[in-house]
Amino acid sequence: MRIMKIKLLLFTFIFGLAISSCQELELQPKGILGEPELFGTAFGVQKYFVQLYMNLPIEDFIYYADQGYKPGNNNSWQAYKRSLAGMSGEIYGWNVNMFEAGVGYWPYDYIRIVNVFINNFPNYKDKYDVATYNSLMGEARFLRAFFYQGMAKRYGGVPIITEVQDPVTTSAEELQVSRASESDTWKFIYDDLKFAMENMSETSVSGRANKFVAAALMSRSMLYAGRIAKYTQYLGFDADEAMQGGFIGMDPSKANEFFQYAYDAGLFVETGPYALYTNNYPDKASNFANLFLDKSSSENLFVKGYDAITFGHCYDALMSPNPDFSSFIGAEGGPVLQHMQLYDFPSLIDEQGKPVRFDKRSDIKNDMEPRLQGTCYFDGDELRGKKFDIQRGIYVSYTGTAEDAQSGSNAAPINSAANRKLGNKGQKYNNVLITGNHGMFANKGGENNAFMGAFIRKYIDVNLPTNLVKVNKSSTSWIVFRLGEIYLNTAEAGYELGKRTEAFNYVEAIRERAGCKVTLPAIDQTVSNTYGYPIEAGLQFIRDERGRELYCENHYWWDLKTWRIADQVLNNRYHRALTCYYVFDEGKYIYLDEVNRNNRTVTAPKRAAYERIPQGEINKNPKLLPQNPLY
Amino acid sequence: MSAKVTIGAIIDETNRPNSTSWSTMKTAWLMRPDAPFYANDNPEFLNGDASVLYVGRNILAEIDPEISGTNRSNTRRLNGTLQLNYNIPNIKGLSLKGSYDYAMELPDETRFKKSYNLFVYNPGTEEYTPVVINSPSSIERSASFNIDTDMQLGIHYNFNLGEHDVKSFLIFEEAYSSWDNFRAYRELLIDSEYLFAGEALNQEGTGGTPGDRVSQSLIGSLTYAYSGKYLVDFRFRYDGSSRFPQGKRWGFFPSVSAGWRISEESFMKDNVAVISNLKLRASYGEMGDDGSAANYPPVLGYGLTNSIGWMFGDAMNGGLRPQAIPNPNLTWYEIKMYNLGLDFGVFENKLSGSFELFRRDRTGLLATSSAVVPGTVGASLPQENLNADRNFGWELTLTYLNEFKGVNYYINPLISSTRSMRIEWLETPANNQFDHWRNRTSGRYNNIWWGNESEYMFTSLEEIRNHNLPMGQGATPGDWILNDWNEDGVINGNDEHPIATTGLPLFNYGINMGGSWKNFDLAVNFQGSYGVFVEYGEVLISPLSFGGNNSLSYFMDRWRPADPNADYFSTATEWIPGYYPVTGHDGRRTGTNLVQDASYIRLKTLELGYTLPKNLYSKSGIEDFRVYLSGYNLLTFTGLKDVDPERPGAAGGASTNTVDVYNYPVNKTFTIGASIKF
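Sequence lines, in order, name chains A and B.
Using numbering that gives the first Met the number 0, the first residue of the first sequence is number 0, and each one after it goes up by one.
Using numbering that gives the first Met the number 0, the first residue of the second sequence is number 0, and each one after it goes up by one.
Simulated from the structure, these hints should not be mistaken for lab results.
Be aware that one or more of the hints could be misleading.
Stated by the list, open to error - Pairs of lysine to aspartate or glutamate residues, derived as DMTMM-like cross-links and limited to a Cα-Cα distance of at most 25 Å, are as follows:
1) A:Lys80 / B:Glu537
2) B:Lys247 / A:Asp165
3) A:Lys424 / B:Glu426
4) A:Lys294 / B:Asp313
5) A:Lys386 / B:Glu126
6) A:Lys46 / B:Asp313
7) A:Lys427 / B:Asp33
8) A:Lys29 / B:Glu383
9) B:Lys96 / A:Glu23
10) A:Lys294 / B:Glu198
11) A:Lys294 / B:Glu186
12) A:Lys622 / B:Glu203
13) B:Lys247 / A:Asp460
14) A:Lys29 / B:Asp33
15) A:Lys443 / B:Glu426
16) A:Lys427 / B:Asp556
17) A:Lys443 / B:Glu198
18) A:Lys69 / B:Asp659
19) A:Lys69 / A:Glu381
20) A:Lys69 / B:Glu203
21) A:Lys80 / B:Asp585
22) A:Lys443 / B:Asp556
23) A:Lys443 / B:Asp562
24) A:Lys29 / B:Glu198
25) A:Lys29 / B:Asp238
Predicted model only: the values in this text are computed from it and were never measured.
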């Protein structure tokens, strides 16, 4: 019995031990930070801001025209197959489709994160000195303005939310906020940026905003707002419900107010420690190319960095052909001739209309603007130890004018199979190679083929060897704001305000850096109606200068939209290619202006001026109606 | 009283080359037959010529760990269990049982990536130019710590009295898990595979999110059987989980089942002797599941995550993600299971079988109400227990055993079928009836495959030109015309309608057969599925993909002009028809052309065995000696052309909806073996 009792005791003892070591069902969550840790120190606030910076609406290397922003998603390598530059007609690429309806960008979750900060940060005011506190508040308002600007440039008027709504306790009625008018939306952006400009610090580490960055955003946003105010009237949407309600478009009298804000912001930026990049003078072509690669450039105000380890991008892998320059898919697009000819470009035809003869293919660069040479790679340019070798074909003889080639059509008699030899890589005609090593091949599509006669040079990392040019291995930073853009913003805003001479001073500075032949053209005030409304030639010149300077920096699409000429410029427009042929019986080269081989065009409909408000959001909140025109 | 201690361990090590089998298989698929493995056929120089090799990859280098590096995983799982058993004296059938199990899992991984050279031969200069691959070499080490404990304490009481037979128990169980991990990465510039030899520049040291959870349950059961004819079982569970907020942690889930052996009733035994077994059974049970809740009850706060980052200066800074707004009412979701079965046997159980019906309803599935809260609020509503779904189906099994002149044989066919549907599902309201039919899932079957329907192939240019709907600019004979299903004059996404089912098959069936004669035995198993559809992608549907790499020869069966240089768009051109459209045209990649019926029946296993006569070896201490010949996946009958039906594709069937086509293929195996018992 005693042994039994001992056993029973032993059992109960172990039982009790086990029960007492029972876990509580209430566990402290591991790995979660609360508000006091984050808002209580400047470093905590910086950590809090990282999620906002990362999701800012910056159309950079990884932006898809048809899918939107893809921050941090290392599986998205196809951005240059579906790029904004392809949609705006700057590049002929894989996908030349038009996605004017947009992707339903609706970043209110990030706006909420900023609003939580702006509303709760005053509780921690006593932990900071006045300057730091104001600077952090200013930074939050800069971030909020950036998100609203991303929506305003797409939709016009959007709901303005500044409070943090609690969906659990608030009624459905209150949660449904209606659209503000377009002018109120831009004014809201102005107010936030004004606060930021006045309160943020003057200096910051690269990649972080300061008061000049806020001014740069002000300069760009207010310029967009001014254009929208002035030119929406020409769209013909006056009867549309959204326009009548003020949700899109503004009274043209407001234009000058916004242009003045942009102009003042531009002057403000000039007081900062920034200067146009001139480190590689006198070689202005390399200087212009290097501007985008030099991380210490004095022209950069705000950059988005990639380290190629956590996040990298595929720009190098998808912009230059494989295998000589890329170890991934290879070039997905090439520059379009219409844009190349905006720069100082040599004439391709002589006085009699015949194609000019060149001794070497690369002689075409002799009269070419250095800035264009810094933007695109032509035949004979060197990259990663190899030279670009681009030619389309061989003409046995070419006795006619450039017109006789009928833009490259197979039907032209001079292009008959007997006279014009096209081919694939390595094929020869009478022992002379028909095409260059990198294109234009007859048997391939636009991928990895010099389809447009040239490749893009801007942003190509010359220091990356070919074997390292792979998916997500590029680490070039995307320059969000640079002084060059600000100068052009100020020039355009100034010209619109009547300050023509001051405007052209900025243009002169840009053109001088570009190496143009004529840096300060005469200010031509004749009015023409090319794109649907009257505009002075001088203003058109400034707009073209933007097209030259900011080519392939994902500005052109927004410029076309806000100038309200997207449907006029992209109206069944054929992408034209710069094609080089060897004239066999002369031993010389000619360049022709041909339509792209697939006869593809790009067309923007009238409604491209605004994107469609996402239908899913309208289903949840009918107060977002009316929808933007023609959707 | 008795005590028992069990200790177990699983220790294993896996080594593979430093590349995924997915990418190696893809390179193997795309390898051109004219691409040499060695530059200039010189075995000292592996070829790296990217103009013939897909993205410059040499598969010989990728599969050799000596060249490209190794991935090594070590798993160690150790557990110890203490069990105590105490039979209460004086009360027969009453006992106490307790057990405590402690398990530790400490896996670690090494990923060693080696940089190596491939070579391109230049015939002009007779030189081999090196191409550097995989630079820089790097080493990554990671370790995880997982602790699981499980404790059970219970009282068991069994007794029988005459015809009555009772079994019951009451158990308290508690399970606790915790996990944590970290990893480090360094680049290697010297020839070593260790972290300490790596460079501090670009080094990474980070850890995953740690966590823990607890669940407690009280489980009770009472089973009563009367004279082997009537059986009743009551059970309950009272479960609590740390994943739910306070006040909502516990859930009560009862279940009951009953069975009636009709064949034991006197009116059956006396009158219908041919029925040797007939049993009717039914059950209803409830269960709770916390599986899809987040690990901790939602709390206002921010979680650190590596997938968010921004560069300030030269450093990539990690960021945060806000947690969802907490829901104070988050709780278990409930599963209700209904089951009805009939077992029968006739002719002394020569023919027997069973038929079963089941239905499983789940309610309280977690869904976020963001579906109906405007996006301008900017926050996800908390997860709430809102959705409900249902799985249901039936199963039939038959077995026939008999003997004929010394040969014992059996046939055992079986078939089962399941479907699932959503009973209540939170979704944004539809805009109109069409949107409701096309896009809403509440109240409908799952696994509907929507697509366009393909009608026929064009056989001539005149047919294309005279067709009543516009075709694209480059249409040629051999192109498919899709059905304008909604007859609106346009062929687009609005013509999509249900054409197949996705996911697992509608019917699964099998036939087991076999027999034995003297010392021979044979077992044959056929297995099949019906009502399963697949869609393939990449190399299986487009020839010469990724810029002219290797291609499957069945693509040669395509529409082409008799004269390869003829103009495709001239009516004078003579065409040779084929299964595929003109190369480069999409016709086999849309609608009902792309989605194929993968129903099949397979001879899955066949085993023929022979037991050696005992007198040959009885003296040597061997009790039993059997040799066998078996095969696996021997024959397959399917309507699918050229592909094994169980090979996952891009969608449908067993695919995971990623590019599964490069996974390791299905095997056919033959085995010879012997089984010896001492």
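Status of the hints after comparison with the structure:
no., hint, in the structure
1, A:Lys80 / B:Glu537, "18 Å, holds"
2, B:Lys247 / A:Asp165, "22 Å, holds"
3, A:Lys424 / B:Glu426, "55 Å, violated"
4, A:Lys294 / B:Asp313, "10 Å, holds"
5, A:Lys386 / B:Glu126, "20 Å, holds"
6, A:Lys46 / B:Asp313, "16 Å, holds"
7, A:Lys427 / B:Asp33, "22 Å, holds"
8, A:Lys29 / B:Glu383, "23 Å, holds"
9, B:Lys96 / A:Glu23, "23 Å, holds"
10, A:Lys294 / B:Glu198, "24 Å, holds"
11, A:Lys294 / B:Glu186, "24 Å, holds"
12, A:Lys622 / B:Glu203, "49 Å, violated"
13, B:Lys247 / A:Asp460, "57 Å, violated"
14, A:Lys29 / B:Asp33, "57 Å, violated"
15, A:Lys443 / B:Glu426, "46 Å, violated"
16, A:Lys427 / B:Asp556, "31 Å, violated"
17, A:Lys443 / B:Glu198, "44 Å, violated"
18, A:Lys69 / B:Asp659, "24 Å, holds"
19, A:Lys69 / A:Glu381, "32 Å, violated"
20, A:Lys69 / B:Glu203, "24 Å, holds"
21, A:Lys80 / B:Asp585, "19 Å, holds"
22, A:Lys443 / B:Asp556, "22 Å, holds"
23, A:Lys443 / B:Asp562, "21 Å, holds"
24, A:Lys29 / B:Glu198, "32 Å, violated"
25, A:Lys29 / B:Asp238, "23 Å, holds"
The earlier numbered hints that this structure contradicts are 3, 12, 13, 14, 15, 16, 17, 19 and 24.
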